[in-house]
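These protein sequence lines are chains A and B, in that order.
Heads up, my numbering is the position in the first sequence plus 1143, with the first residue counted as 1.
Heads up, my numbering is the position in the second sequence plus 1143, with the first residue counted as 1.
Don't read these hints as lab results, they were simulated from the structure.
Hints are not guaranteed to be accurate.
[Unchecked claim] Ranges between beta-carbon positions, derived for each pair:
{"no.": "1", "chain 1": "B", "residue 1": "1146", "chain 2": "A", "residue 2": "1217", "range": "34 to 44 Å"}
{"no.": "2", "chain 1": "B", "residue 1": "1404", "chain 2": "A", "residue 2": "1252", "range": "24 to 34 Å"}
{"no.": "3", "chain 1": "A", "residue 1": "1277", "chain 2": "B", "residue 2": "1404", "range": "32 to 42 Å"}
{"no.": "4", "chain 1": "B", "residue 1": "1385", "chain 2": "A", "residue 2": "1277", "range": "30 to 40 Å"}
{"no.": "5", "chain 1": "A", "residue 1": "1217", "chain 2": "B", "residue 2": "1314", "range": "46 to 56 Å"}
{"no.": "6", "chain 1": "B", "residue 1": "1333", "chain 2": "A", "residue 2": "1277", "range": "32 to 42 Å"}
{"no.": "7", "chain 1": "B", "residue 1": "1341", "chain 2": "A", "residue 2": "1187", "range": "55 to 65 Å"}
{"no.": "8", "chain 1": "A", "residue 1": "1270", "chain 2": "B", "residue 2": "1395", "range": "31 to 41 Å"}
{"no.": "9", "chain 1": "B", "residue 1": "1396", "chain 2": "A", "residue 2": "1216", "range": "51 to 61 Å"}
[Unchecked claim] Only part of the chain B face toward chain A is listed, based on derived beta-carbon distances under 7 Å:
{"no.": "10", "residue": "1255"}
{"no.": "11", "residue": "1259"}
{"no.": "12", "residue": "1289"}
{"no.": "13", "residue": "1290"}
{"no.": "14", "residue": "1292"}
{"no.": "15", "residue": "1294"}
{"no.": "16", "residue": "1351"}
{"no.": "17", "residue": "1357"}
{"no.": "18", "residue": "1365"}
{"no.": "19", "residue": "1370"}
{"no.": "20", "residue": "1374"}
{"no.": "21", "residue": "1378"}
[Said to hold, decoys possible] Selected chain B positions facing chain A (Cβ under 10 Å, derived; list incomplete):
{"no.": "22", "residue": "1253"}
{"no.": "23", "residue": "1254"}
{"no.": "24", "residue": "1293"}
{"no.": "25", "residue": "1327"}
{"no.": "26", "residue": "1329"}
{"no.": "27", "residue": "1353"}
{"no.": "28", "residue": "1354"}
{"no.": "29", "residue": "1356"}
{"no.": "30", "residue": "1376"}
{"no.": "31", "residue": "1381"}
{"no.": "32", "residue": "1385"}
No residue lacks a Cβ here, since even glycine has one placed at the ideal position from N, Cα and C.
There are 2 protein chains.
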Amino acid sequence: MQHDLSRFAINQITTKAWSMPEAIEGYRAQGVTGIACWRQYLDDYGVGQTARHLRDAGMWVASLCTSAWFDADTAQGMAQAITANRAILDQAAEIGAPTVVMVVGGLPAGSRDLHGHRARVTEALHDLSAHALQTGVKLGIEPLHPMYCGYRSVINTIAQANDLCDALGDTASGLVPDVYHCWWDPAFRAELQRAGAERILTFHLCDWLVPTRGMFDRGMVGDGVIDIAAIRGWLDEIGYRGVFELEIFSDLDWWRRPGEETVRIAIERCAPFVAQLQEV
Amino acid sequence: MQHDLSRFAINQITTKAWSMPEAIEGYRAQGVTGIACWRQYLDDYGVGQTARHLRDAGMWVASLCTSAWFDADTAQGMAQAITANRAILDQAAEIGAPTVVMVVGGLPAGSRDLHGHRARVTEALHDLSAHALQTGVKLGIEPLHPMYCGYRSVINTIAQANDLCDALGDTASGLVPDVYHCWWDPAFRAELQRAGAERILTFHLCDWLVPTRGMFDRGMVGDGVIDIAAIRGWLDEIGYRGVFELEIFSDLDWWRRPGEETVRIAIERCAPFVAQLQEV
């Protein structure tokens, strides 16, 4: 069966054991031409070599994951994070990624000042946005599930992310919603409507497992309790015509499987939710 | 050092290995006269015997934990849950608990209809509220962290809980905020202000550990990143004069320690945050 995968990308953390060239070839071999790249693989393989390989393989890039964390409690530390993130925006431009997914980091070590740190992160993103405009690569604000507030991101709701995009401007920034992070949120649909289609830079899919066995136990699309069909409907409603990325963190299951198997099942499971909208 | 523990209760799940009489005697031995009871211990020891022992020991009851889950997807299943919860309200009245902490359950098995199920839970709580009025025991709406949305509670923000209290009325219901469930929420302070002091039936303390190692890995007050001093300040601001309950779920640490040790450390750590406000 021929699936319409033209809007579909696999986020390469999903096939964690694969190197950059293995992921490129492994996805392409099964007809997936979209990839979201992670920095550790990019650094290992080299930015120039990655860019050439992607081009030669006919791949397109959904995003580069992720930003360096803004988790310092000194002005100097935040300035270093901004510098690091400027370099990441440059890397993204070189591989043709339209977006760097901003995972902004949790609280600085030893800090309990969540409110203050959120304000400092906003300020740092402001400073960074000038370089986003220069490179043409957008800051993709991804709200992370509240369970990651302590040590991965202090931006935890799509409403916060929309507020940030309002402040940063849509030329420099946009949203990266993820069903895993947002599915529980009573405001999820309303905040997608507030964002509108143009602000959504890429859209992450996976599933929430019941029971969830740990902090990195995401499920394959279809194995959990998220109503992805309904959410796809909300996106169609607002006219979203962009990318769907499968992104699975799974130290207990999917990260232990061969990449080929993960890609095969990913295509079967995601195809119903990622096809072009058939206009009637 | 003599601590002011007049507003302090220990939620008995914190000393999971102790039976009801062991918890009563173990808390009292160290000067804690407040207890939040859990149903499994109550059922084991018997409601009448528990009520007598509490009275003889000079203990007061902060709450009874928890409601039966409203996680059915049939009218009959929800009616059974309502009946079960009526009986729990009766038990609470008998042991002098002013509140049953409502943990409403996650999605029904096999369901992905989060929006619809939230509506059904609201309706069921409405049906139950008549019995709350009859018994004089309030429905204590506890929003649970979004990480528990799948299988413990579909009420996940303090805003949702305040909406529910608005609908149910403050004579039948109130809030049970818990720092663990709410600390990440940008609206936490504003929603406490919206609630006002009278709506808060009891207030749960513990801490969020970094890193968090699993779904039941709460920390002792002081060991994590929650700014409990600031939150206590917000409660003083709105004139809250009610109870502080320590409630720790910790299969990796505190549940493995002797109850005496947990109580001793709990008193040391919580005392600065639970004392009566010194009016100036």
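For each hint, the structure was consulted:
{"no.": "1", "hint": "B/1146 - A/1217: 34 to 44 Å", "verdict": "holds, 37 Å"}
{"no.": "2", "hint": "B/1404 - A/1252: 24 to 34 Å", "verdict": "holds, 28 Å"}
{"no.": "3", "hint": "A/1277 - B/1404: 32 to 42 Å", "verdict": "violated, 58 Å"}
{"no.": "4", "hint": "B/1385 - A/1277: 30 to 40 Å", "verdict": "violated, 54 Å"}
{"no.": "5", "hint": "A/1217 - B/1314: 46 to 56 Å", "verdict": "holds, 51 Å"}
{"no.": "6", "hint": "B/1333 - A/1277: 32 to 42 Å", "verdict": "holds, 37 Å"}
{"no.": "7", "hint": "B/1341 - A/1187: 55 to 65 Å", "verdict": "holds, 59 Å"}
{"no.": "8", "hint": "A/1270 - B/1395: 31 to 41 Å", "verdict": "holds, 40 Å"}
{"no.": "9", "hint": "B/1396 - A/1216: 51 to 61 Å", "verdict": "violated, 27 Å"}
{"no.": "10", "hint": "1255", "verdict": "holds, 4 Å"}
{"no.": "11", "hint": "1259", "verdict": "violated, 10 Å"}
{"no.": "12", "hint": "1289", "verdict": "holds, 4 Å"}
{"no.": "13", "hint": "1290", "verdict": "holds, 4 Å"}
{"no.": "14", "hint": "1292", "verdict": "holds, 4 Å"}
{"no.": "15", "hint": "1294", "verdict": "holds, 5 Å"}
{"no.": "16", "hint": "1351", "verdict": "holds, 6 Å"}
{"no.": "17", "hint": "1357", "verdict": "holds, 5 Å"}
{"no.": "18", "hint": "1365", "verdict": "violated, 10 Å"}
{"no.": "19", "hint": "1370", "verdict": "holds, 4 Å"}
{"no.": "20", "hint": "1374", "verdict": "violated, 10 Å"}
{"no.": "21", "hint": "1378", "verdict": "violated, 16 Å"}
{"no.": "22", "hint": "1253", "verdict": "holds, 9 Å"}
{"no.": "23", "hint": "1254", "verdict": "holds, 7 Å"}
{"no.": "24", "hint": "1293", "verdict": "holds, 4 Å"}
{"no.": "25", "hint": "1327", "verdict": "holds, 4 Å"}
{"no.": "26", "hint": "1329", "verdict": "holds, 6 Å"}
{"no.": "27", "hint": "1353", "verdict": "holds, 4 Å"}
{"no.": "28", "hint": "1354", "verdict": "holds, 6 Å"}
{"no.": "29", "hint": "1356", "verdict": "holds, 8 Å"}
{"no.": "30", "hint": "1376", "verdict": "violated, 12 Å"}
{"no.": "31", "hint": "1381", "verdict": "violated, 17 Å"}
{"no.": "32", "hint": "1385", "verdict": "violated, 23 Å"}
In terms of the numbered hints stated before, the structure departs from hints 3, 4, 9, 11, 18, 20, 21, 30, 31, 32, listed from lowest to highest.
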